[in-house]
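**Student:** Whole structure, please, built from the sequences with the hints as guidance.
Residue numbers (the UniProt record's numbering), protein chains in the order written: chain X, 1 to 356; chain W, 1 to 258; chain A, 1 to 350.
Heads up, a few of these hints could be off.
With a straight-line Cα cutoff of 27 Å, these simulated DSSO-like cross-link-like pairs (lysine-lysine) come out [claimed, not checked]:
1. Lys-108/X / Lys-45/X
2. Lys-191/A / Lys-171/A
3. Lys-255/A / Lys-118/W
4. Lys-116/W / Lys-80/X
By construction, these hints were calculated from the structure, which means they are not laboratory data.
Remember, it's a predicted structure, so these values are computed and weren't measured experimentally.
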Amino acid sequence: MTITTTDTAVSPAAADPLKLTRRTMPDWITWALGAAAVGLGVLVKAVQGNWALGAFYAGLFFIATVTAASWRLEDRRRAKDRFATSIVYTAFVLAIVPLVSILGYTIKKGFEELSPYFLSHSMRGVGPRDDTGGIYHAIVGTLEQVGLAALIAVPLGLLTAIYLVEYGRGRLARSITFFVDVMTGIPSIVAGLFVYSFWIMTLGFEASGFAGSLALMILMLPTVVRATEEMLKLVPNELREASLALGIPKWRTILKVVLPTAMGGIITGVMLAVARVIGETAPLLLLVGLTQSINTNPFSGWQSSIPLYVFEQNHAGNQFSGDRAWAGALTLIIIVMVLNLVARLIARWKAPKAGR
Amino acid sequence: MTKRIEISGLNAYYGANKAVEDISMTIEPRTVTAFIGPSGCGKSTFIRTLNRMHELIPGARVEGRVQLDGQDLYGPEVDPVAVRRTIGMVFQRPNPFPTMSIYDNVAAGLKLNGVKKKSDLDAVVERSLRGANLWNEVKDRLGKPGSGLSGGQQQRLCIARAIAVEPQVLLMDEPCSALDPISTLAIEDLIALLKERYTIVIVTHNMQQAARVSDRTAFFNLAGPGQPGRLVEIGDTEKIFSAPEVEATADYIAGRFG
Amino acid sequence: MSTSITPESRGDAKRDSGRRRGRSDKTGHGTDAKLPKPAKTQVRLGDRVFLGSSRGAGILLLVIMAAIAVFLVVEALDALGKNDGNFLTDSTWVTDGAKPAFGVAGLVGGTVISAAIAMLIAVPVAVGVALFITHYAPRRVAQTLGYIVDLLAAVPSVVFGLWGLVFLSPKLIGLHTWLSDYLGWIPIFDKDDAGATARTLFTCGIILAIMVLPIIAAVTREVFLQVPRAHEEAALALGATRWEMIRTAVLPFGKPGIISASMLGLGRALGETIAVAMVLSSSQELVFKFLDPGGNTIAANIANQFGESNELGRGALIASGLVLFFLTLLVNGAARVVINRHKEFSGANA
Chain X
1 MTITTTDTAV
11 SPAAADPLKL
21 TRRTMPDWIT
31 WALGAAAVGL
41 GVLVKAVQGN
51 WALGAFYAGL
61 FFIATVTAAS
71 WRLEDRRRAK
81 DRFATSIVYT
91 AFVLAIVPLV
101 SILGYTIKKG
111 FEELSPYFLS
121 HSMRGVGPRD
131 DTGGIYHAIV
141 GTLEQVGLAA
151 LIAVPLGLLT
161 AIYLVEYGRG
171 RLARSITFFV
181 DVMTGIPSIV
191 AGLFVYSFWI
201 MTLGFEASGF
211 AGSLALMILM
221 LPTVVRATEE
231 MLKLVPNELR
241 EASLALGIPK
251 WRTILKVVLP
261 TAMGGIITGV
271 MLAVARVIGE
281 TAPLLLLVGL
291 TQSINTNPFS
301 GWQSSIPLYV
311 FEQNHAGNQF
321 SGDRAWAGAL
331 TLIIIVMVLN
341 LVARLIARWK
351 APKAGR
Chain W
1 MTKRIEISGL
11 NAYYGANKAV
21 EDISMTIEPR
31 TVTAFIGPSG
41 CGKSTFIRTL
51 NRMHELIPGA
61 RVEGRVQLDG
71 QDLYGPEVDP
81 VAVRRTIGMV
91 FQRPNPFPTM
101 SIYDNVAAGL
111 KLNGVKKKSD
121 LDAVVERSLR
131 GANLWNEVKD
141 RLGKPGSGLS
151 GGQQQRLCIA
161 RAIAVEPQVL
171 LMDEPCSALD
181 PISTLAIEDL
191 IALLKERYTI
201 VIVTHNMQQA
211 ARVSDRTAFF
221 NLAGPGQPGR
231 LVEIGDTEKI
241 FSAPEVEATA
251 DYIAGRFG
Chain A
1 MSTSITPESR
11 GDAKRDSGRR
21 RGRSDKTGHG
31 TDAKLPKPAK
41 TQVRLGDRVF
51 LGSSRGAGIL
61 LLVIMAAIAV
71 FLVVEALDAL
81 GKNDGNFLTD
91 STWVTDGAKP
101 AFGVAGLVGG
111 TVISAAIAML
121 IAVPVAVGVA
131 LFITHYAPRR
141 VAQTLGYIVD
151 LLAAVPSVVF
161 GLWGLVFLSP
171 KLIGLHTWLS
181 DYLGWIPIFD
191 KDDAGATART
201 LFTCGIILAI
211 MVLPIIAAVT
221 REVFLQVPRA
231 HEEAALALGA
241 TRWEMIRTAV
251 LPFGKPGIIS
261 ASMLGLGRAL
271 GETIAVAMVL
281 SSSQELVFKF
291 LDPGGNTIAA
301 NIANQFGESN
311 ELGRGALIAS
321 GLVLFFLTLL
331 VNGAARVVIN
341 RHKEFSGANA
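**Tutor:** Given below as structure tokens:
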């Protein structure tokens, strides 16, 4: 075979084959433009009195001028590259700003009210003009409801995942996988409606903490199954075979070899699932009733819960309820963040050593 | 058109770890230079310093000079993007872009460089595929995904993709290590053709291959366990294989270690 | 004698487990083989119990799913039978009196509009965040930055609602005026209401965007991390800049992943209840001008109305919940179709 040399005029490299250097925009230009952008932002804030607007103009100015300067001093491809880079950085900032704002604002508004008194008292007998009252009854409700939900969802989810990974093939496993997917997508309010129509309308039970747990259980279940499934799949097959080859029955292999290996990841998954449902408000709104008093029995009588408490206090709209709502929100955020943090730490400690 | 590469005093690091130490050599234009040596002796690291791919690994850096016809690739004003376009690379495992058709794979580099006209692209794609000895096998399915080809075909597709942007030098990092013997032969034939137009550097584990395809051979070795790799000797392939100057080279070629 | 029995029985056990393994291997490769049934030949009690209970758990999960569908449909049909209006095209919500008339048109409209706004904002930002963490941020801090974004996903929706109502929405009044001033010639950007409130579908869309952003970003990030290094290097070796490398190697590979991540986010945005219920100043009619207060979403409407509804009203809300359920099913199904269509170019064999 010969190489065709009927050359068309296309040869990008032929333009200047040896040119390895390119005009590069000096760093100081970028810095200068950045400084100018900050200046512009401050100016806009001074004139318009709005930091958001200032930041917006500053960002716009910086992206536009850096791209233009690069286009002028370098070339089109590099201008595009710089443009993309600044857009990507901007996207990240845009994602971080609301997080900082939410955390900061919640801490600011909730910090003062959040006290041992607030955590240890209920709202029983607290009138619209009293600045007393606390969240204790809601904490009790949340702990019991989420605890019960986890008590049902974790074994059920674990067993389902074990079935899918260790035993399941064929049609049953496929449909379970499919419906776990579907279940992941169920809006929490729909889960609440289901439990309402099943537990309360059809079976005739009263609204109670347990009814709320059932809905939370439905929301936790697919998360637990997924997380466990992922973790079990990470357990190398050699480990199972080694155990089976020793004559250890399959169920003991799963219990003694597979599960312990995956345990760190499973615990992480479960904790993240708990952290998710702990903040659920919508289904509880339909299911647990609402009370201002302490009710430690989740199976009988109405309960409260922390997210519900926040919602209700915000709704009440009296002089002191706003502060209580923020303090409740802060309590909730602290619980969720701690759960998340601990889950991540466990994941890090117990990460499968083999790597991926 | 093809260029001479002169390397002097080159060290390559991964973080604090020195992988390659004090390498100096000259790679002549329009020749095939083979790098041989035991595993872990830094051949692949070294070849990746020749088109500034090494520094893409986090923490990796390079000291020393690599000159392409007198221009230092690591000079202050040098744009690594331009370096990589001038010095093409073919990797150990065939890596056609999975989301692209055969045609688009070959045209990818040109499109980056702003070639948009269909007729121009068509011409280069055909020329490159012919150049890579692949045209006849794929001309009827240019629109199909490149990942549907056999391993050997994929590797030739990658070669076509690399030569489509008309580089000056072609670096090949064990291009046949993932291929069967027949595909390997096809690639070796191709290398013989390509050297008429390009300076070629090839890393290989296979000494027969080095003997078959290369004009010059460089032997790399470790100074000892945990030590960085060094260039032991470089010379005409015939001489390296028949009468090497260093004993380690002879031992390696005779299969006594590595 | 007894000493000679022990090894033998152990040997039996070994063979036994070997046989069982052989069988389960076979079923693994069989196309649609039935599960390894506990055969007559001595299967350990432990194994039987374990398989039985784990399969039982799976079946229970299916039963729950079926029950959800059945109970919702039954209750909904019950209420729909008493409806005097058109459930799909009306946008009134009267569930008491002699002539109850309720329909979800306005609610579906509000749900779709707010979710669409959320998607338009969240998807590009999330892809940017994912790119930042995988390809731009310094390696040492990238993982930590990823966790920080994930923390946003951990914020409960009731907190989003409170923050959106008290902090964000007053700050967005200016943006509302600005948009309607400059884009008001486009009908949907028009603003009739001059009142100083931003408790609108637009504000809800922004809050929803913030809420779904971390989910989309997290899934997209995982997909970007799976882009084979070889493909990125191939692009770079052709002389691509970082952005060009991302466009040739990363984005095409990640496209199905981005789509499915977005669909996941969209499902969340459609079903979000409390944040919208707290922020939106709602009304029942179908609202297109999202810069005006008014409109409502299915989920928020359920939360708002449920407490004060009679039995028929609750049935009607269940019917609307069913619509929401189907809407999310549709979205998830669409995601699956998109992913399957990309299979040929997915690089599964690369």
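**Student:** If a hint holds in the structure, say so; if it doesn't, say that too.
**Tutor:** Going through the hints against the structure:
Taking the CA atoms of Lys-108/X and Lys-45/X, the gap is about 23 Å. The hint holds against a cut of 27 Å. In summary, the hint linking Lys-191/A to Lys-171/A is supported, as the alpha carbons are separated by about 17 Å, within the 27 Å threshold. Of the pairs offered as hints, the one joining Lys-255/A and Lys-118/W holds, with about 25 Å between alpha carbons and a cut-off of 27 Å not exceeded. With a CA separation close to 17 Å, the supplied pair Lys-116/W and Lys-80/X stays within the 27 Å bound.
The structure is consistent with each of the numbered hints, conforming to all of them.
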